[in-house]
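What follows is the residue order along each chain.
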Amino acid sequence: MIPPIKNLSPLRSWIQFKTGPLRGFPIIPGFIIFLFVFTAFFGEILAPYSATELNLPDKFIPPFFQANGSMSHPLGTDMLGRDILSRIIVGAAPSLIVALTVVILGGVGGSALGIISGYYGGKVDVVLMRAADATLSFPIILVAMLLAVTLGPSIRNVILAISIIIWARYARVVRGEVLSVRERDFVALAKVAGASGPRIMFRHIFPNVMHTILVMITLQVGFIIVLEATLSFLGAGIPPPTPVWGSLIAEGKMYIAGEWWISFFPGLSLALVVLSFNMLGDWLREVLDPKLRQV
Amino acid sequence: MNLLEVKDLRTHFFTRWGTVKAVDGVTFSLKERETLGIVGESGCGKSMTCLSLMRLVPEPAGRIVGGQILLRGEDLLKKTEKEMRRIRGAKLSMILQDPMTSLNPVFTIGDQIKEAITIHRGLKGRSLWERAVEVLKMVRISSPEQRLRNWPHQLSGGMRQRVVGAISLSCEPGLLIADEPTTSLDATIQVQILHLLRTLQEESGLALIFVTHDLGIVARMCNRVAVMYAGKIVEMAEVRDLFNHPAHPYTQGLMRAIPRIDKKVGRLTSIAGEPPRLHQVPPGCAFASRCSSVRDYCRPDQYPPRFEVGRDHWISCWKYAKG
Amino acid sequence: MHVSTLLEVKGLKKYFSVTKGVLLTKNVGWIRAVDGVSFSIEEGTTFALVGESGCGKTTTAKMILRLEKESEGSILFCGQEIGHLKRQGLRQIRSSVQAVFQDPSASLNPRMRVGAAVAEPLEVNRRLSRKEIEEKVKEVLVRVGLNPEAARLFPHEFSGGQRQRIAVARSLILNPRLIVLDEPVSALDVSIQAQIMNLLKDLQEQFGITYLLIAHNLTTVRYMAKHIGVMYLGKLVERGPMEQVYTNRLHPYTKALFSASLTLHPDQVTGEIELPGEVPSSMNPPSGCHFHPRCSIAMPICSKAQPELKEVGPDHYGACHLL
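Chains as they are written, first to last, in my numbering: chain S, 1 to 295; chain H, 1 to 323; chain Y, 1 to 323.
The set of hints was computed from the structure by calculation and includes no laboratory data.
Only true hints are included.
Lysine to aspartate or glutamate pairs mimicking EDC-like chemistry, simulated, CA-CA at most 16 Å apart:
| # | chain 1 | residue 1 | chain 2 | residue 2 |
| --- | --- | --- | --- | --- |
| 1 | H | Lys263 | Y | Glu243 |
| 2 | H | Lys31 | H | Glu74 |
| 3 | H | Lys319 | H | Glu308 |
| 4 | Y | Lys226 | Y | Asp202 |
| 5 | Y | Lys255 | H | Asp262 |
| 6 | H | Lys91 | H | Glu172 |
| 7 | Y | Lys226 | Y | Glu43 |
| 8 | Y | Lys136 | Y | Glu123 |
| 9 | Y | Lys138 | Y | Glu123 |
| 10 | S | Lys191 | Y | Glu123 |
| 11 | S | Lys191 | Y | Glu68 |
| 12 | Y | Lys255 | Y | Glu274 |
| 13 | H | Lys31 | H | Glu238 |
| 14 | H | Lys137 | H | Glu172 |
| 15 | H | Lys264 | Y | Glu243 |
Whenever a hint applies, use it, and build me the whole structure from the sequences.
Here's what the structure looks like:
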């Protein structure tokens, strides 16, 4: 068997590891994600100022590189004098919490249903997939807003709303993978050995679809964060005074022409984090592809 | 002049685990109307030799790094890609193992046959269609006019392989390379295809290079045989000589390891160990670690040169070194 | 010496339903994959089921392994009907009937260590301690010729031949009485095939294991089997002791199949019987004897009535009107 050759394009090579099991790991995106998580954990301590206290005398200070700006408020202040940098730092945590919880509820839950559906087939499969189809056909924003309006905006309801929308995607994709894994010889041989359905699903099917789930999660985290930001932007997400990035962007939308930094820096942070997750997901997909693992 | 002369052909693959010497100094020749068998197990380099002859080595991972391929005196390694395209199909052609993937599932049989003919013969319209029917008749497919309108999935494996044969022979190349063409077919279908190849050879004077791991096919179809191991030819002989007096320990080992249909074998003698990983081939004889005749004179640092052991029969083995 | 029948199959049938439509499906036909197969296997011997693609041998094996539910017929293991067993009864049978499949790469979970894969049948069926299981795994790995340290590694770190040994080890760990071997060596290199076949024969001799061997390669079958059954389009056309069937081939299909297995010497080329046409579809098998369209000695009755298996020699049966 002739081993495959790996060809990294020159642009990618200088921001990635070249050899070893972490080959191709996107360093800068990885660092950004690390920064994001770190900030989410230690936000309260890191923020130079309070994120919520009003400070009207200091309103509309531009970022440090513009005239009238200063390093004491490097990213400027908003219409109520609050330090943008501090708000961004403190706002990282809610986004991360929502993303992780949705991933666990919707992602893991959806994947589990997908495995059950794909493995057993038959009526179970039909029922679960119809349910998934129904869910997938809901317009996301509308549903989230509906839930927000009926249940009242809160972090819990946002998580609920997004999970309800997300699970079907995982279920569908994982089910597809399971359909091909369950036909493989080692699954038949496990049955011949007397293994039960649950055992096969856990020990044989799941480890072989895990890479798909992992990649989906990393690629979807960005989407979930944006979704939550959109909801907050529309007022149906996490309510003020929590400085979630979506709300920060929304607050600044009236001042885009003049005090552009109020929306810009939260927006930039959002874009960077989402992009980083996507790049991480791409890398994970390549690294975890079982076909490329063989020597 | 021989139809084909291959001299010291080397094809290497450059991977992150090292350089894989898939074809490492292969030399042989082929006369008109002759059938040469290339035998070996997986990883011995037989398929890559065929791809090298056609100059279809996958790049940039692999490259032909040395040697000569003289087709009627012309060195194919010196041709440009444009020139090679005119040669492939018209002067030499190839059929592969898996008929499922050799045909494009979204085109009809007729389209695929006509494509080959159009490229090299430039026929159009009615005469193109007639030639396509003729070519299907040549491979003994019944109702060829209807078949031209069929899709690949409507045909069985044996039929598909005939169509593939038709496509490769449509422009009457003098040399056909067949890389395990019957391995994925049922035994009774294999008989049909082998008979067909024999008939085509007789009818059109085709020279054939038949690559296989099956010594039974070799006994049936070939005039001369080259046995390959780890990228090199270790033994080459006329077919009778090979079966009557196999000289290289690997060939002898293979013959002892194969069960026979015509006699009840008491016990097969298997060859110990496994074929080598191609990126870690030792400089000396690659078979030494598995060889039951290995001795002190099997130098680990030098590959054994060729030794004549009979008329037109040579091997690369230290056992036959003089002095 | 008392010879006991370990496995008996009577009138086994498996029809797959062919449906049209997506939500509201309608049955439009039946694929008669297995159409009334009967045979029995003596304990401690190897029974080979041979035939080409579509003949139903793999489906038969799956029914015996309880991976498919039979449409009709009975399967008796040690005299006990196992067709309708569920749960507890099925568990017991499972520990006496194990399997080795064709593709060594697909037979092992790539994400599971070898030790865990081999231990699985034991974990599922017996209550043993961690230590005891580890011991058994090591013991069985050594028995198939592997280093017991292999338990810690993953399948991709082994070659094809070694992976097949691991698969054999897994099938042995419960000390089964019957092992179904579905093309156990066809995906391996020729020199490795001999190793595995020898291993299987040694294990049979040592432990008295019974094998049901599914194979398309008659040389493998001749080396390993004591009895043979030849299948065509879901039916057994001939059945009997291996040597008897080899020397005295009754059915025309058997003759063609054996002649398609090529001899290993150019001078021993016997005229191969070339069967015309293709294997017909199992959905619309030819009337009467399924083989009659391709049979050179067909008579009018052959297209009207299906022949039954008749005893022609001691324990040697053929299904042909001309017997």
